[in-house]
Each structure stands twice: as structure tokens, then as C-alpha cells.
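Protein chains: 2
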Amino acid sequence: MAKNNQKMVEEITSMNEDFAKWYTDIVKKAELIEYTSVKGCMVIRPYGYAIWENIQRILDTMFKELGHENVCMPMFIPESLLNKEKDHVEGFAPEVAWVTHGGSEKLEERLCVRPTSETLFCEHYANIIQSYRDLPKLYNQWVSVVRWEKTTRPFLRSREFLWQEGHTIHATAEEAIDETERMLNCYARFCEEYLAIPVIKGKKTESDKFAGAVSTYAIEALMHDGKALQAGTSHYFGDGFAKAFDIQFTNKDNKLTYPHQTSWGVTTRLIGAIIMTHGDDNGLVLPPAVAPVQVIVIPVAQHKEGVLDKANEILSKLKDAGIRAAIDDTDNSPGWKYSQAEMKGIPVRIEIGPKDIENGACVMVTRHNREKTAVSLENSFETLVETAKQKLNEVRDGMYALALENREKKTYTCRSLDEINKTLEQNGDGFVKAMWCGDEACEDKVKEVTGVGSRCIPFEQEQIDDKCVCCGKKAKHMVLWGKAY
Amino acid sequence: MAKNNQKMVEEITSMNEDFAKWYTDIVKKAELIEYTSVKGCMVIRPYGYAIWENIQRILDTMFKELGHENVCMPMFIPESLLNKEKDHVEGFAPEVAWVTHGGSEKLEERLCVRPTSETLFCEHYANIIQSYRDLPKLYNQWVSVVRWEKTTRPFLRSREFLWQEGHTIHATAEEAIDETERMLNCYARFCEEYLAIPVIKGKKTESDKFAGAVSTYAIEALMHDGKALQAGTSHYFGDGFAKAFDIQFTNKDNKLTYPHQTSWGVTTRLIGAIIMTHGDDNGLVLPPAVAPVQVIVIPVAQHKEGVLDKANEILSKLKDAGIRAAIDDTDNSPGWKYSQAEMKGIPVRIEIGPKDIENGACVMVTRHNREKTAVSLENSFETLVETAKQKLNEVRDGMYALALENREKKTYTCRSLDEINKTLEQNGDGFVKAMWCGDEACEDKVKEVTGVGSRCIPFEQEQIDDKCVCCGKKAKHMVLWGKAY
Numbered sequence: 000m001a002k003n004n005q006k007m008v009e010e011i012t013s014m015n016e017d018f019a020k021w022y023t024d025i026v027k028k029a030e031l032i033e034y035t036s037v038k039g040c041m042v043i044r045p046y047g048y049a050i051w052e053n054i055q056r057i058l059d060t061m062f063k064e065l066g067h068e069n070v071c072m073p074m075f076i077p078e079s080l081l082n083k084e085k086d087h088v089e090g091f092a093p094e095v096a097w098v099t100h101g102g103s104e105k106l107e108e109r110l111c112v113r114p115t116s117e118t119l120f121c122e123h124y125a126n127i128i129q130s131y132r133d134l135p136k137l138y139n140q141w142v143s144v145v146r147w148e149k150t151t152r153p154f155l156r157s158r159e160f161l162w163q164e165g166h167t168i169h170a171t172a173e174e175a176i177d178e179t180e181r182m183l184n185c186y187a188r189f190c191e192e193y194l195a196i197p198v199i200k201g202k203k204t205e206s207d208k209f210a211g212a213v214s215t216y217a218i219e220a221l222m223h224d225g226k227a228l229q230a231g232t233s234h235y236f237g238d239g240f241a242k243a244f245d246i247q248f249t250n251k252d253n254k255l256t257y258p259h260q261t262s263w264g265v266t267t268r269l270i271g272a273i274i275m276t277h278g279d280d281n282g283l284v285l286p287p288a289v290a291p292v293q294v295i296v297i298p299v300a301q302h303k304e305g306v307l308d309k310a311n312e313i314l315s316k317l318k319d320a321g322i323r324a325a326i327d328d329t330d331n332s333p334g335w336k337y338s339q340a341e342m343k344g345i346p347v348r349i350e351i352g353p354k355d356i357e358n359g360a361c362v363m364v365t366r367h368n369r370e371k372t373a374v375s376l377e378n379s380f381e382t383l384v385e386t387a388k389q390k391l392n393e394v395r396d397g398m399y400a401l402a403l404e405n406r407e408k409k410t411y412t413c414r415s416l417d418e419i420n421k422t423l424e425q426n427g428d429g430f431v432k433a434m435w436c437g438d439e440a441c442e443d444k445v446k447e448v449t450g451v452g453s454r455c456i457p458f459e460q461e462q463i464d465d466k467c468v469c470c471g472k473k474a475k476h477m478v479l480w481g482k483a484y
Numbered sequence: 000m001a002k003n004n005q006k007m008v009e010e011i012t013s014m015n016e017d018f019a020k021w022y023t024d025i026v027k028k029a030e031l032i033e034y035t036s037v038k039g040c041m042v043i044r045p046y047g048y049a050i051w052e053n054i055q056r057i058l059d060t061m062f063k064e065l066g067h068e069n070v071c072m073p074m075f076i077p078e079s080l081l082n083k084e085k086d087h088v089e090g091f092a093p094e095v096a097w098v099t100h101g102g103s104e105k106l107e108e109r110l111c112v113r114p115t116s117e118t119l120f121c122e123h124y125a126n127i128i129q130s131y132r133d134l135p136k137l138y139n140q141w142v143s144v145v146r147w148e149k150t151t152r153p154f155l156r157s158r159e160f161l162w163q164e165g166h167t168i169h170a171t172a173e174e175a176i177d178e179t180e181r182m183l184n185c186y187a188r189f190c191e192e193y194l195a196i197p198v199i200k201g202k203k204t205e206s207d208k209f210a211g212a213v214s215t216y217a218i219e220a221l222m223h224d225g226k227a228l229q230a231g232t233s234h235y236f237g238d239g240f241a242k243a244f245d246i247q248f249t250n251k252d253n254k255l256t257y258p259h260q261t262s263w264g265v266t267t268r269l270i271g272a273i274i275m276t277h278g279d280d281n282g283l284v285l286p287p288a289v290a291p292v293q294v295i296v297i298p299v300a301q302h303k304e305g306v307l308d309k310a311n312e313i314l315s316k317l318k319d320a321g322i323r324a325a326i327d328d329t330d331n332s333p334g335w336k337y338s339q340a341e342m343k344g345i346p347v348r349i350e351i352g353p354k355d356i357e358n359g360a361c362v363m364v365t366r367h368n369r370e371k372t373a374v375s376l377e378n379s380f381e382t383l384v385e386t387a388k389q390k391l392n393e394v395r396d397g398m399y400a401l402a403l404e405n406r407e408k409k410t411y412t413c414r415s416l417d418e419i420n421k422t423l424e425q426n427g428d429g430f431v432k433a434m435w436c437g438d439e440a441c442e443d444k445v446k447e448v449t450g451v452g453s454r455c456i457p458f459e460q461e462q463i464d465d466k467c468v469c470c471g472k473k474a475k476h477m478v479l480w481g482k483a484y
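Respectively, the protein sequence lines represent chains A and B.
Per numbering that gives the first Met the number 0, the first sequence runs over residues 0 to 484.
Per numbering that gives the first Met the number 0, the second sequence runs over residues 0 to 484.
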């Protein structure tokens with residue numbers, strides 16, 4: 000058993016040895032993805048896709064509760080349509096895939112595979128919006144998009160990725176700004192409550208805005224290795240797209256008016272965030288809310304009489320209680336099964352063997368801290384089921400606390416470029432809080448000199464200093480700096 | 000009220016006058032789709048997409064109960080990969096969209112946007128299947144695919160469409176054939192029980208098989224206009240793809256063996272089938288199982304005291320009972336609201352005005368037969384809720400009966416080409432049952448002379464005659480013939 004366990008553990012590169020290799024080891028060994036012959040395009044395997052399905056289900060419910068409706072836009076954007084909003088096309092044209100032929104015929108106008116769908120939504124809005132009665136439209140779609148990236152990495156940066164893109168259009172700027180903030184808060188709540196990932200909400204600097212946006216908000220999370228990951232974004236467009244696409248409506252005073260728009264999205268990147276926030280050298284650690292299997296039952300010495308029966312009884316009681324439970328009744332050794340369950344990040348495992356049955360109990364182990372608890376099988380398994388439910392809640396809380404602790408430990412407050420350099424050299428990567436004058440030249444210089452870029456201007460500001468960390472002039476904001484995925 | 004009602008009805012072309020126009024009127028007026036500037040690509044609007052979401056939810060549950068897992072393959076197929084299976088590439092290459100550039104760079108090898116994903120699944124199988132322990136794999140994915148069609152029509156034939164494609168791989172031919180049949184039965188059950196569409200199960204003739212398949216099974220439905228619509232297909236591939244893609248596994252006797260494959264799919268065509276099976280001159284008629292709104296509450300004279308309150312009370316009781324209910328409390332006239340509810344095919348509507356409240360009752364109208372029932376509001380609305388549930392069941396049964404009646408009326412048994420011609424001339428389009436010798440030349444001639452093609456060889460055979468309807472030689476099968484969408 001120990002030997003087998005050892006064997007599995009050896010198969011993943013240790014996080015401290017090579018974080019990037021550790022990451023790709025996990026995505027492969029936990030059977031989340033498989034590579035294909037098209038660079039940057041991956042197969043999302045059943046176990047990986049089931050995580051995405053859980054993310055979808057929870058977020059989709061949240062969106063619908065906030066009044067959003069799902070739609071489906073085409074995947075193709077004619078070049079002339081993409082070209083209509085100047086900033087937008089400048090941002091995206093260099094990285095789109097172009098369809099030039101249908102069958103054997105050359106197309107009159109080439110089509111790009113959507114890198115994002117603002118232009119398609121705008122064309123549609125222009126067709127369906129005439130009056131203030133037609134507003135707001137609160138739309139969302141779950142699709143894949145394509146961006147022709149040079150360097151790619153499973154979940155974090157791929158040429159095709161899955162996401163949801165919300166697109167809304169409102170009669171007034173106020174309503175649209177409210178929506179932008181509401182959806183950022185929705186994402187933050189989702190990450191914290193369901194994924195157990197603490198995030199910092201803030202506004203992007205001008206240089207880091209979405210192509211075509213008036214302002215971009217984001218949530219930023221810190222990974223195990225001290226690098227930042229943007230986990231979701233929400234954009235306010237003002238009426239720029241409306242003007243470019245000639246979307247107008249008759250307002251209550253019977254005047255033609257330009258509406259205001261937003262868009263917001265999260266992607267399969269969230270799976271990358273889960274891996275790098277919670278994973279360890281034994282593999283994946285999954286938050287219970289999105290784990291395809293929440294509890295796995297592992298029979299020990301299952302050839303002995305009564306063991307498999309008891310294990311299956313436990314399984315069916317857990318399932319009846321609405322827990323996503325499974326059994327590993329393969330003929331592998333228990334040690335191998337434990338390793339496998341750890342690799343897959345299953346939040347709770349139950350070990351049940353002849354001795355346990357004799358004692359009228361089983362052993363429950365939580366993945367994130369490897370804590371073992373003996374749990375009674377009495378009361379027709381009622382205690383067991385209740386304990387399993389309670390553990391699943393505790394696991395979310397425990398995972399959040401660990402992630403928050405890691406972030407706090409790796410967040411530094413600095414007052415000079417020199418201090419930033421020394422701090423990062425001494426402690427490794429992390430979030431740096433430092434003041435900024437608002438000047439793009441200083442933002443660039445911080446990155447050039449220290450290697451950390453602006454992640455966002457957090458909503459929760461702290462008055463660390465009154466001078467810009469770079470030029471020493473009067474500071475406008477505290478900025479969160481970091482190296483980013 | 001009558002005037003408004005009249006107005007709405009006038010807006011749709013009558014089915015008998017111009018069926019094709021009636022169809023496109025409905026897809027637009029019921030707000031299912033909107034056209035875009037890319038020919039053959041449409042926006043599926045919230046009301047249309049909600050129908051698809053219900054179809055997805057029900058089918059996905061059925062698939063998972065049968066042991067299938069969802070995955071997600073890339074949308075791009077390298078040309079060399081598409082070329083690996085000869086029949087398959089011949090069937091699909093003429094109608095694929097080609098990506099030739101990524102950003103400003105020309106790709107070394109062009110990529111097609113998947114028209115179907117057999118080749119991608121095969122590449123993946125080759126990577127992950129080594130031993131009999133790795134089999135079977137029962138996979139499915141919900142994605143969109145692209146086929147560069149010349150003539151297009153919303154839901155029925157579009158260049159991009161949504162579908163699910165199941166792909167499975169098995170150790171033996173028997174297992175794979177069983178799977179092909181199981182999934183065809185699954186589709187038939189779904190269409191009949193949930194969509195109230197009667198279907199005929201059968202096998203496609205050789206000339207009508209899927210490109211690369213050993214055999215193709217299909218379910219065929221008959222539309223209002225007497226034309227046939229293929230509502231779902233299931234293919235058995237034998238080991239042809241496995242050989243072309245070099246997928247082998249070590250069997251229990253330690254020998255390298257080729258596995259056997261299947262694929263099966265249904266598409267957003269099903270929405271077209273719903274429209275053309277159940278719709279009428281007042282608009283859409285939706286089966287309760289997939290209707291976005293199952294019951295709509297329409298307050299009459301809603302400015303009068305107590306009316307809106309009562310309507311909202313009814314609404315919340317219906318919702319509490321798990322019914323998808325909505326209220327139309329706009330300031331339009333009741334007549335306009337009734338027309339609107341009919342256009343959108345809402346299965347049950349509840350009319351509630353001051354007089355109804357006085358009488359302690361409301362009026363319930365079922366969409367498919369416009370039957371009105373007075374229903375008591377007593378017992379804290381318990382009678383009302385129970386009646387609504389019962390009506391929803393009755394509606395499904397009533398819709399199925401009407402559709403079956405239409406099909407029976409339009410199904411003809413013929414013994415000669417001449418009889419086929421006369422029958423269709425006299426009665427209009429429909430299904431023709433006639434015997435066939437199995438010779439492709441006869442199949443072609445029937446189509447040439449009578450205009451009806453082979454839809455399938457039904458599993459339920461009837462011995463109509465012992466001679467082929469075309470050549471008079473010994474008949475092998477009874478074939479179902481028809482004009483197809």
C-alpha cells in the first residue's frame with residue numbers, strides 16, 4: 000500500500016521543483032484534458048468537463064436569478080462587421096482565425112471565428128431595439144471563442160476556450176454601470192463561495208482595458224506560486240458601440256437616443272485557477288460545489304465477505320442524500336485507490352474494510368488537509384450521511400482559509416521600486432500594494448524595473464503613502480501589482 | 000379585443016396558402032430567431048434558445064442515465080486528419096468552412112470547422128485506449144457544427160447549427176450495434192413522450208447512409224404539409240474508423256484488436272419539427288415538456304381593483320408547484336395578449352378578470368384545441384394548480400393524438416409507381432409505403448418518376464406485396480418513401 004502510494008506521488012513533479020511542470024502533470028494525470036494535433040486546442044475530458052458543467056449550472060442559475068436570458072449568436076463575424084468599432088478591431092484583429100473558403104469556393108468576404116461577440120450583439124440590437132420599451136436586454140451565451148495565441152497552456156491560454164459572455168444594453172449610463180458592477184460582484188461571490196478562491200475586486204488601468212471599453216473591472220486571484228490570475232472581467236462600454244453600430248431607441252420623451260452597453264465573462268480559466276489555488280503535490284484539490292465526485296467510497300480488502308455490500312450500502316445512502324458519490328471497486332490496491340482519489344481532488348473519501356465493519360464505523364478523510372475521522376455506521380447510516388454533508392461544508396471553509404492565508408502571506412506593501420525589487424527577491428512572487436500617480440509612463444516603468452504589472456486599482460483602497468512609488472509625485476490610487484498568467 | 004385578435008392573426012400567412020412562408024413567419028413572430036448578415040447563420044433568441052435548453056436538459060439526463068459522459072472536442076480539424084477515412088472525407092469535404100489564416104499569418108495546414116467530429120474523437124481514442132479495460136467509452140458533446148449549405152432555412156438547414164453528437168467505442172461489434180439501437184430508441188422515446196411527435200424507426204438504405212458508416216438508423220416524422228423530416232440518426236461504424244486511425248486495444252487474450260464505434264445526433268432541427276408538426280395558423284404550439292412558459296396568466300381589465308393581485312397570487316401558486324409560469328401584465332388589450340400567447344404556443348393560458356373573481360373562478364384555455372374550462376379558485380388555489388398540472392399532461396396526449404392522426408391520414412400504401420403518382424396527386428404529399436427489391440437503380444427510379452425518395456426501411460415491416468414497386472422482381476423490404484426536408 001505504501002509502495003503504491005509512493006509510486007503515484009512520484010509521478011507528479013513537485014510544485015516547488017517546477018511549478019509549470021507540476022501544473023501540466025496535474026491536468027494530464029487527473030484526466031482533465033488531452034492534447035490534440037492542433038496546437039493550443041485541447042480535448043476537455045469527462046472529468047474536466049464535469050467541473051465545467053458544475054460551474055455552468057451554478058453561474059447560469061445566478062445569472063437567471065438576476066434576470067438574464069440565454070441566447071446563441073453565430074460563431075462567424077464578417078470582416079466588415081468586426082471593423083466597425085475602431086478600438087475593438089485594433090485589439091482583436093491580430094489574433095483571430097479567418098475563414099476564407101466554404102467548400103471549394105472562395106468567400107466574397109472573409110469571416111473571422113468570434114474572439115468575442117460584441118459586434119454580433121450590436122448588429123442584433125440594431126435589428127430588435129426601437130423603443131425604450133425594448134430596453135434593457137440582459138443577454139448571455141455559453142459558447143467557445145477563438146484567439147490565435149502564440150504561446151498556449153491548458154485552461155490558462157488556449158486558442159479555443161469555453162466561456163460565457165454576458166451582453167447587456169440599457170437606456171441610461173447609470174443602469175449600465177450598475178450592471179457592470181453587479182456582475183463583477185456576482186463573479187466575486189461565485190469564486191469565493193463556490194470555488195473557495197479569495198479575490199480582489201478592482202478597476203483596470205487605462206492601458207489594460209478591454210478593446211472598446213470605457214472601463215474594465217476585474218477580479219484578481221493569487222496562485223500558489225505567487226502569480227496573479229484574472230478570474231473574471233466586466234466591461235462598461237458607454238455608448239461607443241451604439242454609435243459605431245447605429246443603435247438608437249426612442250426614449251420616453253420621443254427622442255432618438257443612444258443606449259449604453261456592458262459585457263462580462265468568465266472562462267475555463269477558472270479550472271486553471273482552481274488547480275493553482277488549491278492543488279498540492281498529491282494532485283488536484285477540488286471545491287465540493289464543483290467536484291464531479293464529492294465523496295468516494297473505497298472498500299479495503301473488498302474480496303472479504305460483506306465489505307463490498309457495506310460499501311455499496313454507504314454509496315447508495317450518500318446518493319439518496321443528494322451527494323455526488325462514487326465507489327472505487329476496481330481490483331487495484333487500496334493504496335493505489337487512495338492516491339488516485341487524491342490525484343483527482345475528491346473532497347472526501349470513505350475507507351471501509353473488515354475491521355471497520357467489525358467496529359461499526361468507517362474512516363472519513365478530507366482531501367485538503369488529510370484529516371481522518373472515524374464515523375459511526377449506526378442509525379441506518381444517518382450519522383455517516385450527516386457527517387459527510389458537514390465535512391463538505393467544512394472543506395469549502397478550510398480551503399478558503401488556506402487560500403486566503405497563502406494570499407496574505409504573499410501580499411507585500413511597498414513604498415519604492417527598490418523595496419519592490421528587494422521584497423520579491425527575498426520572498427518570491429506575490430501581490431504588491433503600492434501607490435501610483437495615474438501616469439501611464441510610471442505604470443510602464445514599474446513593470447520594466449520590477450517585473451510586476453498593474454493588476455487592478457482595488458475598490459478597497461489603502462493610503463499606504465501619499466507619493467507615487469515610481470515618480471514620487473502625488474499618488475492617486477493604491478494599485479495591486481503582480482506578475483500575471 | 001376581437002379587432003386586436005384579428006390583427007395578430009392576419010400577420011401570419013396561412014399554412015394552406017404558403018407553408019414555407021407560414022413557417023418563416025412563425026420563427027420570426029414567435030421571436031425564435033433573427034437573421035444576421037452571414038447567410039445561413041442565425042441568432043437564436045431567448046425564447047427559441049429556452050426551448051433548446053429544455054431539450055438539452057431532458058436528453059442530457061437520458062444520456063447520463065444510460066452511462067454517457069460529456070466531453071468537449073476542439074472545433075478545428077486539420078485537413079490531414081479529415082482526410083484519413085476515405086468515405087467520410089468524400090461526404091464532408093465539399094461542404095466545410097476552411098480556416099486558412101491565424102491573425103496575419105497563413106497557416107501551414109488549413110483547418111476545417113468541424114462539420115461533425117468523428118475524426119477528432121478517433122484521434123483522441125488512439126491516444127487514450129490501450130486495453131480492454133479502457134472500453135467502452137460512451138461520450139457525448141453539445142456543440143455547434145458548420146456545413147456550408149447552398150440553400151438554408153432557420154432550424155431546418157443552416158450553415159451553423161447546434162446539436163449533440165454522441166460517440167462511443169466498444170470492444171465488440173455486438174456491443175456497438177446494441178448501442179446504435181439503444182440510442183435510436185432513446186431518440187424515439189424523447190420525440191414521442193416529450194415532443195409529442197410520433198416517429199417511425201428504421202434503417203437507411205445504402206445510398207442514404209452517413210459518410211463512413213456501415214449502417215445508419217433514423218427516426219422519421221411527418222410534417223403538416225406531408226413532407227418527411229429526419230428527426231435523429233444513429234450510426235454503426237464497424238471497425239472502419241479504427242483501422243483508418245490505427246486505434247487498437249489489447250483484448251483479454253492479450254491480442255491487439257480493432258474496436259467498434261458508433262455516433263448519433265439530434266439537432267436544433269427538432270425545433271423545426273415541433274413547429275411543423277404542431278403549429279397552426281395562430282402560431283406556434285409547444286409541447287409542455289419543452290415550453291419555456293407552460294402556463295401564462297392573463298389579467299383582464301387589470302386596472303380594476305384586485306385583478307392584478309389575484310393574477311399574481313395565481314402566478315406564485317403555479318410557480319411554487321414547479322410549473323414554468325409567467326404573467327402578461329403589460330398594458331396591451333386582453334385580446335392582444337391572447338393572440339401573443341397563442342403565437343408563442345404557450346400550452347395553457349389562464350384568463351382572470353373582475354367577473355371571474357366575483358364567481359370565484361378563472362378560465363383555463365389549452366392552446367392546441369382552444370378548449371375552455373372554468374376552474375375554481377377555492378381551496379387556496381389547490382384545485383387550480385391540480386387542474387393546470389392535469390391539463391399539461393392532457394395537452395401532451397392531445398397533441399400527440401392530433402399529430403398521429405395527421406400522419407395516419409397522410410400515409411398511403413401503394414403497389415405501383417403509377418399508384419404512387421395518382422395517390423400523391425389526389426391527396427398531396429405524405430408517406431408512401433411500398434415494397435422494394437433492394438436495388439439502388441429502383442430506388443433512384445422511384446424518386447425520378449414519383450418525386451418521393453426512400454426515407455427508411457422501417458423496423459416494423461408489413462408485407463404489402465411480394466414484388467418491388469418499381470421493377471416487379473421479388474421484394475426484400477417495405478420502404479417508407481416521402482419528400483424530405
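Simulated from the structure, these hints should not be mistaken for lab results.
All residues carry an ideal CB built from backbone N, CA and C; glycine is no exception.
Do not rely on the hints blindly, as some may be mistaken.
As the list claims (entries may be wrong) - Pulled a few chain A residues facing chain B out of the computed Cβ check, cut under 7 Å: (1) E68; (2) N69; (3) V70; (4) W147; (5) T150; (6) E159; (7) W162.
Stated by the list, open to error - With a straight-line cut-off of 25 Å between C-alpha atoms, the simulated DMTMM-like cross-links for lysine to aspartate or glutamate are: (8) K28/A with E459/A; (9) K202/B with E404/B; (10) K136/A with D59/B; (11) K136/B with E107/A; (12) K318/A with D59/B; (13) K38/B with E350/A.
Status of the hints after comparison with the structure:
Interface hint at E68/A: satisfied, since its Cβ lies 4 Å from the closest Cβ of chain B, which is below the 7 Å cut-off. The interface hint given for N69/A holds, since its Cβ lies 5 Å from the closest Cβ of chain B, which is under the 7 Å cut-off. Interface hint status for V70/A: upheld, as the beta-carbon distance to the closest one in chain B is roughly 5 Å, under 7 Å. For W147/A, the interface hint holds, since its Cβ comes within 7 Å of a Cβ in chain B; the closest pair sits about 4 Å apart.
The restraint placing T150/A at the interface with chain B is violated, with a minimum CB-CB distance near 13 Å, outside the 7 Å limit. For E159/A, the suggested interface contact is upheld, since its CB lies about 6 Å from the closest CB of chain B, less than 7 Å. Checking W162/A against chain B by beta carbon gives a least distance of about 12 Å; that is not within 7 Å, so the hint is violated. Only pairs whose Cα atoms come within 25 Å are accepted, and K28/A paired with E459/A is rejected, the gap being roughly 39 Å.
Note on K202/B and E404/B: the hinted pairing holds, with a Cα-Cα distance of about 24 Å set against a maximum of 25 Å. Using a Cα cut-off of 25 Å, the hinted pair K136/A and D59/B is violated, with the two alpha carbons roughly 29 Å apart. With a C-alpha separation of about 42 Å, the suggested pairing of K136/B with E107/A is violated against the 25 Å cut-off. Simply put, K318/A and D59/B have alpha-carbon atoms about 19 Å apart, close enough for the 25 Å limit, and the pair holds.
Between K38/B and E350/A the alpha-carbon distance is near 59 Å, which puts this suggested pair outside the 25 Å criterion.
When the structure is compared with the earlier hints, violations turn up for hints 5, 7, 8, 10, 11 and 13 and for no others.
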